[in-house]
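Asks: The lines below spell out each chain.
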Amino acid sequence: MGISTLLFFVMRLSGDPVSLLMPLDAPPEARAALRRELGLDASLAVQYVRFVKRLVVFDFGDSLRLRQSALQLVLDRLPATLWLSLASMGLALGVGFGSGVFAAVRPSSWLGSLTMLLSGLGQAMPVFWSGTLLLLIFSVQLRWLPAFGAGDWRHLVLPAVALAGWPMARIARLTRVAMVETLQHDYIRTAHAKGMVERVVVLKHAAANTLISIFTVVGVELGVMLGGAIVTETIFSWPGLGRQLMEAVLARDYPLVQATVFVVALLVLTINLVVDVAYAWADPRIRLG
Amino acid sequence: MGRVSAALVLIGLCVLSTAPVPAADPTTLTIGVGAVAETLDPHLSLSGLSTLTYANVFSTLTTVDFTRGGAELKPGLAASWKLVNPTTWEFTLRRGVQFSDGEPFNAETVKFSIERVMDPATKSPVRGRIPNVEAVQIVDPLTVRVVSKAPDPILPKRMAVVFMVPPKYLQRVGAKQFASKPVGTGSFCVDQYVPLQEVSLVGCGAGSGGRRLQRVKMVQIPEASSRVAALRSGGVQAIQNVPLDQVELLKKENFQIRYAIAGRTMMLMLRAQTDTPLKDRNVRLALSHAVDSGAIFTNLVRGFGALANGQPIGPDGFGHNPAIKPYSYDPGRAKELLAKAGYPNGFTITMDATNGVYVADRDTAQSAQAYFAAVGVTLKEVTVEFGEFQRRTDSGTHEPIFLGSYNYFPIMDGDFVLQWFWSKHPVKVGAYPEFDRTFEASRSEMDPRKREELLRQASKIVHDEAAAVYLFRPPDIYAVASGVAGFTPRPDLLLLFDQISVAQ
Numbered sequence: 001m002g003i004s005t006l007l008f009f010v011m012r013l014s015g016d017p018v019s020l021l022m023p024l025d026a027p028p029e030a031r032a033a034l035r036r037e038l039g040l041d042a043s044l045a046v047q048y049v050r051f052v053k054r055l056v057v058f059d060f061g062d063s064l065r066l067r068q069s070a071l072q073l074v075l076d077r078l079p080a081t082l083w084l085s086l087a088s089m090g091l092a093l094g095v096g097f098g099s100g101v102f103a104a105v106r107p108s109s110w111l112g113s114l115t116m117l118l119s120g121l122g123q124a125m126p127v128f129w130s131g132t133l134l135l136l137i138f139s140v141q142l143r144w145l146p147a148f149g150a151g152d153w154r155h156l157v158l159p160a161v162a163l164a165g166w167p168m169a170r171i172a173r174l175t176r177v178a179m180v181e182t183l184q185h186d187y188i189r190t191a192h193a194k195g196m197v198e199r200v201v202v203l204k205h206a207a208a209n210t211l212i213s214i215f216t217v218v219g220v221e222l223g224v225m226l227g228g229a230i231v232t233e234t235i236f237s238w239p240g241l242g243r244q245l246m247e248a249v250l251a252r253d254y255p256l257v258q259a260t261v262f263v264v265a266l267l268v269l270t271i272n273l274v275v276d277v278a279y280a281w282a283d284p285r286i287r288l289g
Numbered sequence: 290m291g292r293v294s295a296a297l298v299l300i301g302l303c304v305l306s307t308a309p310v311p312a313a314d315p316t317t318l319t320i321g322v323g324a325v326a327e328t329l330d331p332h333l334s335l336s337g338l339s340t341l342t343y344a345n346v347f348s349t350l351t352t353v354d355f356t357r358g359g360a361e362l363k364p365g366l367a368a369s370w371k372l373v374n375p376t377t378w379e380f381t382l383r384r385g386v387q388f389s390d391g392e393p394f395n396a397e398t399v400k401f402s403i404e405r406v407m408d409p410a411t412k413s414p415v416r417g418r419i420p421n422v423e424a425v426q427i428v429d430p431l432t433v434r435v436v437s438k439a440p441d442p443i444l445p446k447r448m449a450v451v452f453m454v455p456p457k458y459l460q461r462v463g464a465k466q467f468a469s470k471p472v473g474t475g476s477f478c479v480d481q482y483v484p485l486q487e488v489s490l491v492g493c494g495a496g497s498g499g500r501r502l503q504r505v506k507m508v509q510i511p512e513a514s515s516r517v518a519a520l521r522s523g524g525v526q527a528i529q530n531v532p533l534d535q536v537e538l539l540k541k542e543n544f545q546i547r548y549a550i551a552g553r554t555m556m557l558m559l560r561a562q563t564d565t566p567l568k569d570r571n572v573r574l575a576l577s578h579a580v581d582s583g584a585i586f587t588n589l590v591r592g593f594g595a596l597a598n599g600q601p602i603g604p605d606g607f608g609h610n611p612a613i614k615p616y617s618y619d620p621g622r623a624k625e626l627l628a629k630a631g632y633p634n635g636f637t638i639t640m641d642a643t644n645g646v647y648v649a650d651r652d653t654a655q656s657a658q659a660y661f662a663a664v665g666v667t668l669k670e671v672t673v674e675f676g677e678f679q680r681r682t683d684s685g686t687h688e689p690i691f692l693g694s695y696n697y698f699p700i701m702d703g704d705f706v707l708q709w710f711w712s713k714h715p716v717k718v719g720a721y722p723e724f725d726r727t728f729e730a731s732r733s734e735m736d737p738r739k740r741e742e743l744l745r746q747a748s749k750i751v752h753d754e755a756a757a758v759y760l761f762r763p764p765d766i767y768a769v770a771s772g773v774a775g776f777t778p779r780p781d782l783l784l785l786f787d788q789i790s791v792a793q
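Sequence lines, in order, name chains A and B.
Numbers 1 to 289, taken from the working numbering, label the letters of the first sequence in order.
Numbers 290 to 793, taken from the working numbering, label the letters of the second sequence in order.
Just so you know, these hints were derived from the structure itself, not from any lab.
Incorrect hints may have been included.
As the list claims (entries may be wrong) - Derived lysine-lysine pairs resembling BS3-like cross-links, with alpha carbons at most 30 Å apart: (1) B:K457 - B:K438; (2) B:K717 - A:K53; (3) A:K53 - B:K624; (4) B:K739 - B:K614; (5) B:K717 - B:K749; (6) B:K438 - B:K470.
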């Protein structure tokens, strides 16, 4: 509710949607008429009361530009965004965590150093650059993967890899730090002392415990991704929420912006809740009495 | 076992490497566009990208024809039209026209379509293009009269932008359904529509005599470099709005570059209405001589499009004045004129411009700064976002100078672009009483010859007054795969798909 109210006023401060809907050569009377028909001529207070009344029943009104239910438009885009987020988070977690553990266990091996070097690069490389590079290599030169749109899994590969770059690098670095710390704990020494096999110690005891501390990062990163991987979605023409949101903001499409932010906020809240619960479940120490 | 899995991997790789590249299919064309239609209801959007779809699915009473070089008004769904009295135009409709679902097209359709645009409940932006229409009267099933509030000499031209929609189908399915699955009288029908993603059209209807393509898909690829990648990867056969710096690369790879010179002019608008040195004609003349528009055209627009010839209307627009010669690039003369106006040491002035909205807008703004600096005028530039730019246009609050691109398409009539210099226009640019008189006279002159003469005079006045620095007409530019023929963009930014064919 707080977010919605804030957004309502910020969006309206930003300007007039009608001047973007009408042609430049349209006479001013025609503009005034369209403004009236879209309910944009009323005072801010009146518009706000209308907005809140409808918000209670999850009615955000029709998109000014696409003239369809704003909420429906958001729900139509949601699966694409969810797929992309989950796929790249899976990739980021799998590769990032794996290489982080590896780098912690074998800090001096060349592969371990290479992993950390790559993760540094991954964090430094902006998506618009790495994304364009991926397009040039895998779509234009090799022609293995399609350059745009959504459809089957082949469409998902490039955007998922591009989007995974940053969280993957972050997870790898955090994992390494956490893992190094975990490996110094007494219980690891105990496990070693019991004569357990190195692999079991690393994977079952140390890695499993490190994974818990990575959860929060995963939650945060996933929230960021859901909010719209605007750049990635734009480069790969991925029909997700982020791109729709950006276009809506530029067109001053108030209803669509409000519906998008509302749904995303709800999702992020849900993820945070899930992460907290999962954390409590995995680590009994932080459960409250 | 090992051999089997190796074979599987090999097959997998083959599938992977060939699948995304569609085989040359002579019946299908996929075009990468910046954005697909916002809605398929042709009365709810005026954006060029939406109209691209409408023009192939729907028809209008009159059409603008570019095939003979200039722009001519030709019959569309109306076979002929005539002026009955100064405020009434009568249209005689074509016999036997049907919508793709079989619904007949007649006077009822025309009345319904125009009234739907005018009805406040429709919330149609198209109404801005027919501001004068008061009523539509049916004379008989094939004759209809359009009555305007005041004499409107360009009403038949205005009818070229009002698409005819089927009343019975619309009433049956409702406006929402119509907006995603419409039927029209054009040579293509909508097969699939996913907003912000894809519009797929299939050939249909009676008007398909010369049509060779069976399917046209427009896919939304908003990022220009991604569109180029999509074309080079073979995923699409044509792309819209090619970045000018990629043209050479694409030519080398055997893509065709197809472009039209858009019916719009990029201008530095000089607001003589502001309390600034721009009030003085000598100052405006000086600024016109200070800018080398030829160099801007060659270097920034790379020679695509056309150089403006000292006026806002190009030779393909009604009201173009062939006698006008553009001001020469002459910084020395500019300095003299500034001194004469009382500014021997120049002055400082502000300009607003957009970034990435119009072709080469950012670069043009920067070169204007450099050219003005060379004659002692300091130009402070403010870059504004497009929505804000439009707001300033509507409220007359632009900076004293602003850089914009103003159209005389879709109907290719000078009225559309000359109105910006009318002192009563809300943008508040011009302050030229003689221009006002001439322009106002043109708006009620029903004789086309006399009207053209008035518009030519108006063009001459805005040239003589140096009301703007006229720069260039930008290209509407596509890159197209080598086997595609008949791909001809038009100055009104449209593209007729029934002219296109794809070689095997």
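Asks: Each of the hints needs a verdict: does it hold here or not?
Replies: Taking the hints in turn, this is what the structure says about them:
1. B:K457 - B:K438: holds (29 Å)
2. B:K717 - A:K53: Answer violated: K717 of chain B to K53 of chain A is near 40 Å, above 30 Å.
3. A:K53 - B:K624: Answer violated: K53 of chain A to K624 of chain B is near 63 Å, above 30 Å.
4. B:K739 - B:K614: holds (22 Å)
5. B:K717 - B:K749: holds (20 Å)
6. B:K438 - B:K470: violated (34 Å)
When held up to the earlier numbered hints, the structure conflicts with 2, 3, 6 and fits the remainder.
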